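Okay, here's what each chain looks like letter by letter:
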Amino acid sequence: MELWFTERHTPNVKFSIKVDHQLYSGNSEFQRIDVFDSKEFGRFLTLDGYMMLTEKDEFIYHEMITHVPMAVHPNPKNILVIGAGDGGVVRELTRYPSVESIDLVEIDELVVEVCKKYLPTTACRFDDPRVHVFYEDGVKFIRRCNDQYDVIIVDSTDPFGPGEGLFTKEFYGSCFKALRDDGIMVNQHESPFYDEDAAAMQRSHKRIVESFPISKVYQAHIPTYPSGHWLFGFASKKYHPTNDYNGTKWSMLGIKTRYYNPRLHTGAFALPCYVEELLRDVE
Amino acid sequence: MADLSQTNAPIYEALRKFRRMRVVPFDVPGHKRGRGNMELTEFLGEDCMNVDVNSMKPLDNLCHPVSVIKDAEELAAEAFGAANAFFMVGGTTSAVQSMIMYACKEGDKIIMPRNVHRSAINALILTGAVPVYVNPDVNHRLGIALGMSVAQVEQAILDNPDAKAIMVNNPTYYGICSDLKRITELAHEHGMLVLVDEAHGTHFYFGENFPVTAMAAGADCASVSMHKSGGSLTQSSFLLLGKNINADYMRQVINLTQTTSASYLLLSSLDISRKRLALGGREIFAQTVEMAEYARSEINDIGGYYAYSRELINGDSIFDFDVSKLSIYTLPIGLAGIEVYDLLRDEYDIQIEFGDIGNVLAYISVGDRKRDIERLISALAEIKRRFGKSGADMLTQEYISPVVAETPRKAFYAKKRSLPLEETAGLVCSEFVMCYPPGIPILAPGELITDEIIEYIKYAKEKGCQMTGTEDINIEKLNVLDF
Numbered sequence: 144m145e146l147w148f149t150e151r152h153t154p155n156v157k158f159s160i161k162v163d164h165q166l167y168s169g170n171s172e173f174q175r176i177d178v179f180d181s182k183e184f185g186r187f188l189t190l191d192g193y194m195m196l197t198e199k200d201e202f203i204y205h206e207m208i209t210h211v212p213m214a215v216h217p218n219p220k221n222i223l224v225i226g227a228g229d230g231g232v233v234r235e236l237t238r239y240p241s242v243e244s245i246d247l248v249e250i251d252e253l254v255v256e257v258c259k260k261y262l263p264t265t266a267c268r269f270d271d272p273r274v275h276v277f278y279e280d281g282v283k284f285i286r287r288c289n290d291q292y293d294v295i296i297v298d299s300t301d302p303f304g305p306g307e308g309l310f311t312k313e314f315y316g317s318c319f320k321a322l323r324d325d326g327i328m329v330n331q332h333e334s335p336f337y338d339e340d341a342a343a344m345q346r347s348h349k350r351i352v353e354s355f356p357i358s359k360v361y362q363a364h365i366p367t368y369p370s371g372h373w374l375f376g377f378a379s380k381k382y383h384p385t386n387d388y389n390g391t392k393w394s395m396l397g398i399k400t401r402y403y404n405p406r407l408h409t410g411a412f413a414l415p416c417y418v419e420e421l422l423r424d425v426e
Numbered sequence: 042m043a044d045l046s047q048t049n050a051p052i053y054e055a056l057r058k059f060r061r062m063r064v065v066p067f068d069v070p071g072h073k074r075g076r077g078n079m080e081l082t083e084f085l086g087e088d089c090m091n092v093d094v095n096s097m098k099p100l101d102n103l104c105h106p107v108s109v110i111k112d113a114e115e116l117a118a119e120a121f122g123a124a125n126a127f128f129m130v131g132g133t134t135s136a137v138q139s140m141i142m143y144a145c146k147e148g149d150k151i152i153m154p155r156n157v158h159r160s161a162i163n164a165l166i167l168t169g170a171v172p173v174y175v176n177p178d179v180n181h182r183l184g185i186a187l188g189m190s191v192a193q194v195e196q197a198i199l200d201n202p203d204a205k206a207i208m209v210n211n212p213t214y215y216g217i218c219s220d221l222k223r224i225t226e227l228a229h230e231h232g233m234l235v236l237v238d239e240a241h242g243t244h245f246y247f248g249e250n251f252p253v254t255a256m257a258a259g260a261d262c263a264s265v266s267m268h269k270s271g272g273s274l275t276q277s278s279f280l281l282l283g284k285n286i287n288a289d290y291m292r293q294v295i296n297l298t299q300t301t302s303a304s305y306l307l308l309s310s311l312d313i314s315r316k317r318l319a320l321g322g323r324e325i326f327a328q329t330v331e332m333a334e335y336a337r338s339e340i341n342d343i344g345g346y347y348a349y350s351r352e353l354i355n356g357d358s359i360f361d362f363d364v365s366k367l368s369i370y371t372l373p374i375g376l377a378g379i380e381v382y383d384l385l386r387d388e389y390d391i392q393i394e395f396g397d398i399g400n401v402l403a404y405i406s407v408g409d410r411k412r413d414i415e416r417l418i419s420a421l422a423e424i425k426r427r428f429g430k431s432g433a434d435m436l437t438q439e440y441i442s443p444v445v446a447e448t449p450r451k452a453f454y455a456k457k458r459s460l461p462l463e464e465t466a467g468l469v470c471s472e473f474v475m476c477y478p479p480g481i482p483i484l485a486p487g488e489l490i491t492d493e494i495i496e497y498i499k500y501a502k503e504k505g506c507q508m509t510g511t512e513d514i515n516i517e518k519l520n521v522l523d524f
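Protein sequences, first through last, are from chains E and D. Add 143 to the 1-based position in the first sequence for the working numbering, that's all there is to it. Add 41 to the 1-based position in the second sequence for the working numbering, that's all there is to it.
Chain E extracted, bound-state conformation (with noise of 0.2 Å):
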């Protein structure tokens, strides 16, 4: 017998793992919620269908939204996270010891829950004091917010079900607000290689270009995600994602990291042509 999960990643292009054995199903009032394990990537987590980690790759994913504005700010303390319910952003804010306050806005209680169960890897500093989770949408809870978070990240599903709020230039105008005067805003920025995406991708970084005097996008390589090249949009009121950038300062914190480092966070931001070809085309 075999079992495969299989995601489409266009209307064309399947990709598709070997699974072990299915751990949990079910569905909450947003979204279906399901974790399976397999051979080659370990645990993972599908929403709707759609690959969000796996147990091998998520590192990859968790450093690069995390560390990049992390070592460019010079005093992160308070930080908002919006979704992230399978806890790898909260795990790598934990390792900052100047950080003050993290406060974890995610729309699905029951995502939090499984999590917890069944990917400790990820999910394993919610206890942390300085963590405050509030179940609410990210749209609505942000609106309230005020010059009041040094860092933002916006750790989103896709532009479409319950995370496409996360999209609109409303939530970015609304994030803005929300950030100091030298606040950043990081976020899932999705991928450039497929022509649905790209397009997402486009509207997307449009409208954060609209909303920011700065706005940068840097790349990683995701292999459990469509195409496996994936961008993260650096937007912020005041620092330069590499001009203001000081890596040795950065690895004196002696944050161990398996993918994330000062020679990477300045190339990330190198990116290919047809890329820069895309993000000008809206800039």
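Check the hints yourself; a few may be wrong.
Claimed, not checked - Calculated lysine-lysine pairs in the DSSO-like style (CA-CA distance at most 30 Å, straight line): (1) D:504 with E:259; (2) E:320 with D:425; (3) D:222 with D:58; (4) D:58 with E:349; (5) E:320 with D:504; (6) D:425 with E:381; (7) E:259 with E:199; (8) E:320 with E:381; (9) E:349 with D:425; (10) D:150 with D:222; (11) D:430 with E:320; (12) D:222 with E:380; (13) E:399 with E:381.
The hints are simulated quantities; they were obtained by calculation from the structure and are not laboratory data. Keep in mind it's a predicted model, so treat the numbers as computed, not measured.
With chain E's structure known, arrange chain D on it following the hints.
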């Protein structure tokens, strides 16, 4: 109809049965179940084209219903608490026109608020009836026309004892209701019919704690836009009759202007929607109200905006308020309603129902999702943060009492000439000028053009209102009576 109940939808059921019969079509429509127009079929879907069929015995005929359409109309009448109901395929416009054409012949008087929909004044052009306008009360802060005050209606009745009917807008686009019961009693005491434009009140018949419906208030006719809050297809509507209206004569009146090729897409959508509301309307509209109330409280929390509700009730011209409406007053943030309306679409990809000088209206229905409501609220907050300014110097005046110089019919058909807007003060207009939506005329045929009105039209144009009605598509010239 003995063995039918609200769980049935006779037209829908007949269409399903008909589809299974796989009848070979040698009749119109010529697309023949879509095969003759593949591009359209791919766009609309095969299921849709399959039931775009002509009247025939198994499917009845809207002009003279004897079987499934008759059954469906009886079920609709029962669901709405009416003596009779007609399926209308020409929009609520056709329902409004039919009830006026039923009540009035040429030269008959009809009492109506001036802020009626253009369809009512069009009916006056068609019939030659003479309007007696009751100026609606106005809320000067919000700049919106309210309902009819009972005292003013009574005065109009006493002044015009020969009037044949009274028409009431209930609720208005903004959700404001008049004292329909009292107005109906007054009219009936004086032998006048009560015609209600209930285009925005479908949900009153099925939800809980809504204002009184026209049929429950004892009115004689009501035009109900099922396609607004009722969920049917655009252009489909109901005309409801009270017990004192001759339904067979009304059918003849309707047939004066109604198509003889009624669309079964529209008819089945009315049938299915009626069933759905009769069975689940209470729950559906409870959800709608909950969303509207939530949005209202969040929007009022932003500051500046005023999303109004039942606190406006004054016992007369705001006798009741429809809480499913999300009307928002925008002037305190320094933006005209129409500007907020445009910003929502251009900056945030959010399309709302309409914006006028001082207000916007977001239409809330069961089709809305919580997360979309959050987007709307956040976008309004962002508009205030990014574009808000001091609210001073904003024109608030919205309703201008008209001076009627000629009947709409005479003015419409009279000899006329076209003049630049600025040169028309003091002359009589022969056409409509309105913002659409809401489609309530600023000027109607036969009304005197004043400086105040010219200034208002210019301001509305400058703020970006979509003006319609005139022969000149750019609204730079007006047709006036040529004496």
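Checklist line | Restraint status (C-alpha distance of residue 349 (chain E) to residue 425 (chain D) at most 30 Å) | finding: 21 Å, holds
Checklist line | Pair hint residue 504 (chain D) and residue 259 (chain E), alpha-carbon separation not exceeding 30 Å | finding: 54 Å, violated
Next item on the list: Verify the proposed pairing of residue 259 (chain E) with residue 199 (chain E), using a straight-line Cα cut of 30 Å.
Entry: Between residue 259 (chain E) and residue 199 (chain E) the Cα gap is close to 17 Å, so the pair holds against 30 Å.
Checklist line | Straight-line alpha-carbon gap residue 222 (chain D) to residue 58 (chain D), limit 30 Å | finding: The hint is violated at about 43 Å.
Check: Is residue 320 (chain E) close enough to residue 504 (chain D), meaning Cα to Cα at most 30 Å?
Finding: The hint holds at about 28 Å.
Notebook entry, point to check: When you check the alpha-carbon spacing of residue 58 (chain D) and residue 349 (chain E), does it fall within 30 Å?
Noted result: With Cα atoms ~51 Å apart, residue 58 (chain D) and residue 349 (chain E) exceed 30 Å; violated.
Next item on the list: Sort out whether residue 381 (chain E) lies within 30 Å of residue 320 (chain E), counting only the CA atoms.
Entry: Measuring from Cα to Cα gives roughly 14 Å; hence the hint holds.
Margin query: Can you confirm whether the C-alpha distance between residue 430 (chain D) and residue 320 (chain E) stays at or below 30 Å?
Written below: 17 Å, holds
Margin query: Check the hint pairing residue 222 (chain D) with residue 380 (chain E) against an upper bound of 30 Å on the C-alpha distance.
Written below: 60 Å, violated
Next item on the list: Sort out whether residue 425 (chain D) lies within 30 Å of residue 320 (chain E), counting only the CA atoms.
Entry: 12 Å, holds
Checklist line | Hinted pair residue 399 (chain E) and residue 381 (chain E), Cα distance within 30 Å | finding: 28 Å, holds
Notebook entry, point to check: Are residue 425 (chain D) and residue 381 (chain E) close enough, with their CA atoms no more than 30 Å apart?
Noted result: 24 Å, holds
Going down the numbered hints, you'll see the structure goes against 1, 3, 4, 12, while the others check out.
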